[in-house]
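Whole structure, please, built from the sequences with the hints as guidance.
If you read the protein sequences in the order shown, they are chains W and G. First residue of the first sequence: 1, per my numbering; consecutive thereafter. First residue of the second sequence: 1, per my numbering; consecutive thereafter.
Be aware that a few hints might be false.
Simulated crosslink set (DSSO-like; lysine-lysine; CA at most 30 Å straight-line) [claimed, not checked]:
1) Lys-272(W) <-> Lys-184(G)
2) Lys-301(W) <-> Lys-7(W)
3) Lys-159(W) <-> Lys-272(G)
4) Lys-184(G) <-> Lys-413(G)
Worth flagging that the hints you see were computed from the coordinates, not collected in a lab.
Protein chains: 2
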Amino acid sequence: MAYPANKALTVNADRLWARHMELARIGAIEETGSCRLAMSAEDAEARALFARWCREAGLEVRVDGAGNMFCFRPGLDPERLPVGSGSHLDTQPHGGRFDGISGVLAALEVIETLNDEGIQTNAPLAVINWTNEEGVRYAPALLGSGWYTGLIDEEGLAKAHTPDGILFRDEAKSRGWLGEGSEKFPLGAFLELHIEQGPILEQEQLQIGVVNTVQGLRWLDVEVTGADGHAGTTPLDQRQDALLASARMLVALNEIGRSYGPAARVSVGRLKPETDGPSTIVGRTSFVVDIRHPDAETLEKLTQECAAACASVGASSGCEVECSQRISVPPTVFDETCVAALEQAAIQQGYSYRKMASGALHDAANVARVVPTAMVFVPCKDGISHNVREYASPEDLAAGANVLLHAMLELSK
Amino acid sequence: MAYPANKALTVNADRLWARHMELARIGAIEETGSCRLAMSAEDAEARALFARWCREAGLEVRVDGAGNMFCFRPGLDPERLPVGSGSHLDTQPHGGRFDGISGVLAALEVIETLNDEGIQTNAPLAVINWTNEEGVRYAPALLGSGWYTGLIDEEGLAKAHTPDGILFRDEAKSRGWLGEGSEKFPLGAFLELHIEQGPILEQEQLQIGVVNTVQGLRWLDVEVTGADGHAGTTPLDQRQDALLASARMLVALNEIGRSYGPAARVSVGRLKPETDGPSTIVGRTSFVVDIRHPDAETLEKLTQECAAACASVGASSGCEVECSQRISVPPTVFDETCVAALEQAAIQQGYSYRKMASGALHDAANVARVVPTAMVFVPCKDGISHNVREYASPEDLAAGANVLLHAMLELSK
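This is how it looks when you write it as structure tokens:
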């Protein structure tokens with residue numbers, strides 16, 4: 001039976017929710033949180049469970065040279081490229097149960113629903129788990145989709161390592177989640193479901209966000225070098241205190257971010273003093289500045305201003321500053337056909353929705369460089385994510401999966 | 001042969017220097033640095049080498065219930081309490097070869113010199129290595145001398161642990177450096193040689209500092225609680241960013257310290273963000289404020305102002321702040337007789353010297369609560385310490401040891 005058979009076709013909301021809860025047992029923290037850093041033992045365990053579910057659903061599980069998992073369902077027309085959908089299973093250190101996970105499980109739920117109804121599509125389908133979206137242990141973030149789309153070349157992937165010097169490929173291989181070669185599995189289209197990670201849908205009481213753009217991102221690596229010293233004997237005006245200089249930089253960076261209006265984001269979520277003694281003046285620190293804006297030109301200007309502020313504060317604090325750009329992802333405009341398929345599905349299903357930009361970066365922003373792509377958002381409570389209190393309701397997740405289901409049917413018909 | 005036999009008696013400068021270099025091989029870092037955190041494997045190895053040298057010099061090595069090493073040389077009068085001298089062998093994470101070490105090795109060199117010359121003293125002598133002066137792994141700092149003088153009771157010692165939860169006593173016992181019971185070895189006097197860790201002696205081209213006071217110290221533990229969040233989606237004006245709030249506090253604390261004039265010290269050498277992801281807003285941090293001043297009343301006022309500033313910045317940054325005082329050591333005035341013995345020895349030996357206050361805290365400041373005590377400083381290059389570049393010359397170390405030698409002879413005669 002080929003599409004369109006039944007526009008009232010819907011996913012199994014209970015199964016989708018139950019799988020969220022089952023997966024969340026792996027790396028569970030603080031009752032409602034998850035800690036599954038990319039290629040950790042917990043990530044490997046989550047991948048194994050997901051692979052088992054895929055195989056039980058009749059999918060062929062394949063792994064590429066960056067550890068990305070592509071789980072294929074054949075189509076009636078072997079000439080067509082697969083319509084892919086998915087997201088990521090890795091989490092932040094204090095992460096939640098939905099960021100990334102919902103996109104992978106919703107795509108799998110689409111397959112399960114088609115299986116239940118005996119529906120075959122003309123194009124093949126693929127459920128995808130991208131490697132290391134969060135970028136906590138391995139830089140850069142979005143490693144798997146970055147490699148897939150050529151943003152990261154073989155050499156870049158070969159060099160990716162933890163702060164402790166563990167190479168990504170060595171660890172991925174030892175965990176059993178590294179495919180061979182540099183072949184990339186081609187896709188005809190890609191759709192990613194994700195929680196919004198912001199407050200807009202909830203505040204506007206909408207069920208669905210059809211995402212047509214993603215704001216651009218830069219990461220600046222900043223290293224501040226002063227001089228170690230004794231906290232008791234060194235007069236305050238003779239210090240080269242790298243931690244104090246860094247504190248001044250963080251304050252300055254925040255002020256710059258605010259001066260660029262409500263669309264700008266400037267954040268420091270990683271700061272490492274090199275020494276750790278309460279009575280030692282810190283001689284060296286490093287931190288990462290995360291800068292985002294939906295307009296490419298403004299993003300560039302904002303980034304330059306942030307780097308200049310670090311240099312200026314360093315000079316006035318007696319410290320040397322090195323500032324280098326590690327990641328640069330331009331703002332993304334999604335594919336019109338994919339956006340239209342999602343919007344049409346939302347309308348068909350009778351959901352309240354809006355078109356919107358994504359405040360967060362996603363694998364879909366990478367994939368959009370080489371494959372027609374779009375995203376669908378579901379609301380999350382209080383806009384909270386990257387946090388153990390992150391929450392999306394079973395109903396909203398099912399609504400998002402239904403939109404995904406009908407958009408995938410449309411694109412693969 | 002009893003003192004005063006020979007006022008021209010001097011220590012063996014070469015032997016004193018060679019032992020510094022030999023000890024520095026244990027836990028060596030970056031060519032001229034040392035990393036021997038208290039009760040680490042490296043600290044245990046340094047203790048073993050020091051104990052061997054003591055035994056070879058005929059001393060009886062004993063260890064008390066806090067791991068302090070007391071190495072005794074008998075006196076002619078068994079009724080007299082020993083005259084002790086020493087310091088500590090543990091170091092900062094990026095520490096040098098002299099801070100603490102010089103005080104222990106100079107005291108041992110005094111014994112070696114007396115042995116070489118066949119001199120016996122009326123009072124017994126003791127060479128002492130105090131446990132965990134630096135307080136890097138185990139809080140509080142000056143753990144061994146704090147317990148010795150009753151500042152830390154048995155319960156406090158039993159609770160001392162690393163940030164990872166390893167109990168001090170468990171580790172000291174497993175390393176073989178924990179004595180039994182709560183007996184404290186009594187002393188009649190205590191002298192500690194130390195590098196100045198400040199710029200004064202070098203700038204004034206003096207060889208010896210006779211230390212008659214030590215500035216007081218407070219440590220404030222500050223915990224800042226905001227909320228984790230996503231760096232891309234959370235607007236800057238809706239964040240509860242604990243790291244940004246901490247940065248503002250560090251800037252405010254430095255301004256307060258400067259407003260109290262050149263004798264004040266306010267430092268933050270330990271700051272820990274609880275999360276570590278570049279795209280996660282930090283929901284929680286902790287840091288330690290190290291506050292010092294030679295005047296007790298001013299120190300109290302300064303501490304209150306620092307705590308108030310943290311509370312105020314927290315409130316204006318949308319974060320909760322908990323501020324608790326972990327350490328409070330009042331300013332110390334040393335014993336007149338001990339100070340006079342050191343000053344007289346410096347004059348006898350023809351060294352240029354001055355009386356001075358110590359900017360750093362030392363075990364001697366604790367010991368002075370229960371035993372007549374004083375300190376002798378030797379210059380260190382550029383005033384640098386707690387740093388791998390820390391340096392004291394062989395000549396200055398020998399001069400300091402000679403002052404110690406003659407002061408110990410005077411006090412034990």
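**OP:** Kindly indicate which numbered hints from before are broken by the structure, ordering the numbers from low to high.
**Re:** 1, 2
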